[in-house]
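Chemist: Here is what each chain is made of, one letter per residue.
Protein chains: 2
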Amino acid sequence: MREEEIIEFLRNCLAKKNEGVLVDIGDDAAVVKLGGEKIVLTCDTLEEGVHFLRDYFPLYFLGWKGMAVSISDIYAMGGEPLYSLVSLGVVEESGVEEIFRGVKEFSSQFKVKVVGGNLVRSDRWWIEVFSLGRVEKPILRSGAKIGDLIVITGYPGEASAGRKVLEEGRSGYSELKERFLKPFPRKEILEIKKEFSLTSLIDVSDGVGRDLYRILKESEKGAKIFPDELPISRNLKDFAGEKAFHYFWSGGEDYELIFTVKRGVNLPSYWKELPLAIIGEITGDVGVIKSGEQILEPAGYDHFK
Amino acid sequence: MREEEIIEFLRNCLAKKNEGVLVDIGDDAAVVKLGGEKIVLTCDTLEEGVHFLRDYFPLYFLGWKGMAVSISDIYAMGGEPLYSLVSLGVVEESGVEEIFRGVKEFSSQFKVKVVGGNLVRSDRWWIEVFSLGRVEKPILRSGAKIGDLIVITGYPGEASAGRKVLEEGRSGYSELKERFLKPFPRKEILEIKKEFSLTSLIDVSDGVGRDLYRILKESEKGAKIFPDELPISRNLKDFAGEKAFHYFWSGGEDYELIFTVKRGVNLPSYWKELPLAIIGEITGDVGVIKSGEQILEPAGYDHFK
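These protein sequences, in sequence, are chains A and B.
Take the first sequence: its letter number 128 is residue 280 in the working numbering, and every next letter is one higher.
Take the second sequence: its letter number 289 is residue 441 in the working numbering, and every next letter is one higher.
If you are wondering where the hints come from, they were derived from the structure by calculation, not from laboratory data.
Honestly, I wouldn't trust all of these hints.
The list that follows gives simulated cross-link-like pairs (lysine-lysine, DSSO-like), each with its CA atoms no further than 30 Å apart [as the list claims (entries may be wrong)]:
1) K442/B with K339/A
2) K185/B with K414/B
3) K190/B with K346/A
Cβ pair distances, simulated, as ranges [said to hold, decoys possible]:
4) G201/A with E394/B: 53 to 59 Å
5) E327/B with G201/A: 53 to 59 Å
6) G172/B with G172/A: 50 to 56 Å
7) R253/B with E257/A: 39 to 45 Å
8) V417/B with G188/A: 54 to 60 Å
9) G201/A with S260/B: 46 to 52 Å
10) S349/A with E330/B: 51 to 57 Å
11) E232/B with L419/A: 28 to 34 Å
12) E330/B with E189/A: 36 to 42 Å
13) E327/B with E257/A: 28 to 34 Å
14) E232/B with Q261/A: 48 to 54 Å
Ideal Cβ positions, reconstructed from N, Cα and C, are used throughout, including at glycine.
Between the sequences and the hints, there should be enough to build the whole structure, so can you do that?
Modeler: See below:
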């Protein structure tokens, strides 16, 4: 089973959309109605040995990144994060304080309240963060229309290049390393969505190719990529040379956002400090991503492949 | 650091009680205000090697018990569970379906909607369930008053005896085994709390002694135990003989409830099918649990001792 098949299985197995459940499993987060509000719910895990190795991953970053990954899913629905719970797998008590330094810094910077959690003795470090937010109108993966422009924030690929640098124990490339260790989810989306009419939205956790493909699949559309417009950074090119596109397309863990907007929108190249690149447009060629005559595979990280 | 010290550290580190946060870390679950409702939030983890061994723990029960442990925390605040998210650490894909059979059976029996979650490839099985409920007036650990009666549901100690039986690979004792594998959180509390005025409430996850002590600590009170009134079952006595009290007091994982009510309340011995035992009363002897002249230690499971 690939990850998509497992999600399909879960979708059939679990709660169906109904009056209380507005968005079920299969998007970045679930949306339920409660007390007249629409509430976004999500949880995510980082586990030693799966998502990082301890020798290059100081525990401070486990706290920060655990929070970032979870909150990114709230933004990826167009939601405003409010509360989190933090569960830790604890190898040594002495590390707990360091992890919570990261949690605390993140939560004060992103104005999220951490209201609870629990600790489990474990022989590997892990963090699981559940987060809850509020949304007026969720922006789903399924809303892309033919002709919409495909927009991406920041410089995807840098995070996975940073991981490679860390894994190989190389010196230098500190900006790439930082992008892997300490991602900044894109809270700017809450302002961008007020200004422009977004038709779909997802965060880049498993690679631009795979995450764009998720929009296409849920929207039943295809995409044409503008190869000269891809935001592949100088830093990434310096490190990866000819492989820069590979990191950009298949790397993952950037926690940037991909969204679609109606053609004709006057989108700036930057929203404040955040770069916005129009990397393509939506087509009717269902499930197919083309770049010129070339067909791009939606490669990227699949937990179950 | 003992678990209590870690919780104290977290309490100082994280969100403080304020207008939005009604109950923070340190009770069974957090309570926040959102859209005119009071929302109960909790998460809990079961991990292979920590909470169970794979050889005596069919994966169906991992799904059931993962849900049960989480939902029990909602009941332990007097809340009504509504939604859950389920995260799994997956060793083999083929087990996912079996786990979700347990999740699904639990969720339909307890009317909880599972609206999402995620799967992580792992080399051990684990489940983490986040749950969200609604509560009008949370029942905290901190509300016990001198003279209140201490009440406990069901037959604590059976679950940990069942664990022992399973660990030793013994045949028979199927009821004890079932109590460990498939706990039933006490949804009856939602009716009981309407009928009687409860002053404090907790669920029994780490042992009657330790969990009662948590009520005493938060309420700044003590307790006098009625040794002849302890609900130590026939099954438990048959298995454990003289050690029956040890299982009752220190065993844990029962997901029964301990609550306090004002003296003079006419409490029945059963609520429908659920046994209710008055096991003692609250005293002003802060932090001390007495049974006759004997002082009982609040022993029980501490993740960090």
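Chemist: For every hint, state whether the structure bears it out.
Modeler: Structure-based check of each hint:
1. In summary, the hint linking K442/B to K339/A is not supported, as the alpha carbons are separated by about 55 Å, beyond the 30 Å threshold.
2. The straight-line distance between the Cα atoms of K185/B and K414/B is roughly 28 Å, inside the 30 Å bound, and the hint therefore holds.
3. About 29 Å separates the Cα atoms of K190/B and K346/A, which keeps this hinted pair within 30 Å; it holds.
4. Taking 53 to 59 Å as the suggested C-beta distance range, the pair G201/A and E394/B does not conform, at roughly 44 Å.
5. Checked against the hint of 53 to 59 Å, the pair E327/B and G201/A fails, with Cβ atoms roughly 39 Å apart.
6. Look at G172/B against G172/A: about 23 Å separates their beta carbons, and that is not inside 50 to 56 Å.
7. In this structure the supplied range 39 to 45 Å holds for R253/B paired with E257/A, their Cβ-Cβ distance being about 41 Å.
8. Range check, V417/B to G188/A: about 36 Å between beta-carbon atoms, so the 54 to 60 Å window is missed.
9. In this structure the hint that G201/A and S260/B lie 46 to 52 Å apart at CB is violated, the actual value being about 35 Å.
10. For S349/A and E330/B, the Cβ-Cβ distance of about 55 Å falls inside the hinted range of 51 to 57 Å, so the restraint holds.
11. At roughly 45 Å, the beta-carbon separation of E232/B and L419/A lies outside the given 28 to 34 Å, and the hint is violated.
12. Hint check: E330/B to E189/A, Cβ distance near 40 Å, so the stated range 36 to 42 Å holds.
13. Checking the proposed 28 to 34 Å range against E327/B and E257/A shows it is violated: the Cβ atoms sit about 50 Å from each other.
14. A hinted range of 48 to 54 Å for the beta carbons of E232/B and Q261/A is inconsistent with their spacing of about 34 Å.
The structure shown violates the earlier hints numbered 1, 4, 5, 6, 8, 9, 11, 13, 14.
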